[in-house]
Amino acid sequence: MSASWTARAKDLGFRALLLGCVGLCVLLLGLLLVDIVRDGAGQLSFDFLNSFASTNAGQAGVEAALTGTLWLMGICAVFIVPVGVASAIYLEEYADSTKWWNRLIEVNIQNLAAVPSIVYGILGLAFLVRGPLSLGNVVLAGGLTLGLLVLPVVIIAGREAIRAVPPSIREGSLALGATKWQTIWKQVLPASIPGIATGVILALSRAIGETAPLIVVGAATFIAFNPEGLDSQFTALPIQIFDWISRPSNDVNNYKPLAAGGILVLMILLMAMNAVAIWLRNRYERKW
Amino acid sequence: MAEQVTEPRQDSKAEPEAPLRRPIAARRHMGDAVPERAEYVFELDGVTASYHGKAAVRDISLRIARNDITALIGPSGCGKSTLIRCLNRMNDLIPGASVEGKVLYHGQDLYADGVDAVEVRKLIGMVFQKPNPFPKSIYDNIAFGPRVLGMKDDLEDRVEQALRHAALWDEVKDRLKTNAFTMSGGQQQRLCIARCLAVNPDAILMDEPCSALDPISTGKIEDLMLELKKEYSIVIVTHNMQQAGRVSDRTAFLMVELDAQEKHRTGRLVEFDETEKIFTNPTDQRTEEYVTGKVG
Numbered sequence: 001m002s003a004s005w006t007a008r009a010k011d012l013g014f015r016a017l018l019l020g021c022v023g024l025c026v027l028l029l030g031l032l033l034v035d036i037v038r039d040g041a042g043q044l045s046f047d048f049l050n051s052f053a054s055t056n057a058g059q060a061g062v063e064a065a066l067t068g069t070l071w072l073m074g075i076c077a078v079f080i081v082p083v084g085v086a087s088a089i090y091l092e093e094y095a096d097s098t099k100w101w102n103r104l105i106e107v108n109i110q111n112l113a114a115v116p117s118i119v120y121g122i123l124g125l126a127f128l129v130r131g132p133l134s135l136g137n138v139v140l141a142g143g144l145t146l147g148l149l150v151l152p153v154v155i156i157a158g159r160e161a162i163r164a165v166p167p168s169i170r171e172g173s174l175a176l177g178a179t180k181w182q183t184i185w186k187q188v189l190p191a192s193i194p195g196i197a198t199g200v201i202l203a204l205s206r207a208i209g210e211t212a213p214l215i216v217v218g219a220a221t222f223i224a225f226n227p228e229g230l231d232s233q234f235t236a237l238p239i240q241i242f243d244w245i246s247r248p249s250n251d252v253n254n255y256k257p258l259a260a261g262g263i264l265v266l267m268i269l270l271m272a273m274n275a276v277a278i279w280l281r282n283r284y285e286r287k288w
Numbered sequence: 289m290a291e292q293v294t295e296p297r298q299d300s301k302a303e304p305e306a307p308l309r310r311p312i313a314a315r316r317h318m319g320d321a322v323p324e325r326a327e328y329v330f331e332l333d334g335v336t337a338s339y340h341g342k343a344a345v346r347d348i349s350l351r352i353a354r355n356d357i358t359a360l361i362g363p364s365g366c367g368k369s370t371l372i373r374c375l376n377r378m379n380d381l382i383p384g385a386s387v388e389g390k391v392l393y394h395g396q397d398l399y400a401d402g403v404d405a406v407e408v409r410k411l412i413g414m415v416f417q418k419p420n421p422f423p424k425s426i427y428d429n430i431a432f433g434p435r436v437l438g439m440k441d442d443l444e445d446r447v448e449q450a451l452r453h454a455a456l457w458d459e460v461k462d463r464l465k466t467n468a469f470t471m472s473g474g475q476q477q478r479l480c481i482a483r484c485l486a487v488n489p490d491a492i493l494m495d496e497p498c499s500a501l502d503p504i505s506t507g508k509i510e511d512l513m514l515e516l517k518k519e520y521s522i523v524i525v526t527h528n529m530q531q532a533g534r535v536s537d538r539t540a541f542l543m544v545e546l547d548a549q550e551k552h553r554t555g556r557l558v559e560f561d562e563t564e565k566i567f568t569n570p571t572d573q574r575t576e577e578y579v580t581g582k583v584g
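Protein chains in written order, with our numbering: chain A, 1 to 288; chain B, 289 to 584.
Derived from the structure by calculation, the hints contain no laboratory data. A portion of the hints provided could be inaccurate.
[To be verified] Pairs of lysine-lysine residues, derived as DSBU-like cross-links and limited to a Cα-Cα distance of at most 35 angstroms, are as follows:
1) A/Lys180 / B/Lys418
2) A/Lys180 / B/Lys582
3) B/Lys418 / A/Lys186
4) A/Lys186 / B/Lys390
5) A/Lys180 / B/Lys565
6) B/Lys465 / A/Lys186
7) B/Lys551 / B/Lys465
8) A/Lys99 / B/Lys390
9) B/Lys342 / A/Lys99
10) A/Lys180 / B/Lys342
11) B/Lys424 / A/Lys186
12) A/Lys256 / B/Lys582
13) A/Lys99 / B/Lys551
14) A/Lys180 / B/Lys518
15) B/Lys551 / A/Lys186
Modelling step: build the complete structure from the supplied sequences, incorporating the hints.
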């Protein structure tokens, strides 16, 4: 009993330290938020969302950037969902992990998830914009580049979702005389959709904030039209924000509030996507 | 997506049609002096099932009669579950599993070349230790089997018949669209039995179907089994000797053989006979010790 005083003091001290670390993180984030909201809240209006970029700061808006981002996300999703889910099914259900090539694929996918995004930008430039596909610096190339970037995230999340379906479900289905494919298509996939959807949304919310690869594949910084098709030039929210921040401001044209407003729009989109992911996860969480 | 290299099937003499035929229900040789239970659903001859080359059960030979309930009993680790999973080729799904010897199903070797495990499982249903309903509605649980097997006509009738057969209809008829996980454990297990009946199998394998259930639910499942044996042949693995005594016609007693040098456990068949004889007057000393509770 006598040793408890020092033990308790240590315990208390350690707790205080941990709390301090958490507090520091939250404080920094909070300061950042407050600063941006103070600068940018005044910008948020229907006009801001509905105006194109302009050399006149008073009339500039994010319309082209916002629609560009939505186009990118759409293309990215159309690409990553089938490819990512199919890869996850192969690796979880078909690949024999005792074979070296399957293990090699696995290790590579883990590594690809950690490759810096600029590298994907260069890949996109070399293979999609120029080179074999020569798509040009269009929205399709941008969306596919972002897709390549987040594909490993989708595959990893998809595999986890598929692995979470208990083997007893597969056995029950196979014991009825269903084939392996019927079992995967009608039992395993439906049961893992919430997990896969969560993974896809989280992947998209990583893609939505990416700037570097888009600069490399040639997103335009100043554009006054929305993408009209897959072969249109485009810009995106992070690019637009970057552009506004990098412009010299003066009393007549102050771009700083515009950048803050753009950040707020991007952040609201991001938070909405994460909210959907969390909702999906809680709504369909299963206890087997 | 190559999972296994399978040889092309319709190359030579092999019949392209499913090699497994559904046995005709009443194929009795009336008139001949055929002893009772002359017809066998399964005939096992020298069956050894191994995992990664190590035998889990060795050299099992026994004949399982039609419309019987055949119980497999024995201590843990004696390979009862392994043995029952050989009967519908569920062991194929376990990496490293292999089966030697002959498993005849109505005279056809289940492990012969060209026999498709999927076809086998259409005819031989299985109920597992832990109820494993699909994460779907009660209706969809039953309808899943008929749907994937292409039995789509009169699906609602089929579902109702299966549920009535499993004595579950009255309990669930008003909530067919609710999720199967809302049912009690015993109901879930009867749902799994109904699910299996819906595809109209010939034999039903039950791997300790009551081990996760309370006595009342267990009683209901046992009543159901006695009802079902009129139409189906049932093989049941059970830990519970009273259960084997209550429901089964014949009982096989398996025992663990410990190989001193290799420290490896292998299941061997000790005795297979009428259940009454196994429990009252067994031939083998070890059987007597086990059923009277002296060992195990």
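Problem - Numbers of the earlier hints that this structure fails to satisfy, in rising order - result: 2, 5, 7, 12 and 15
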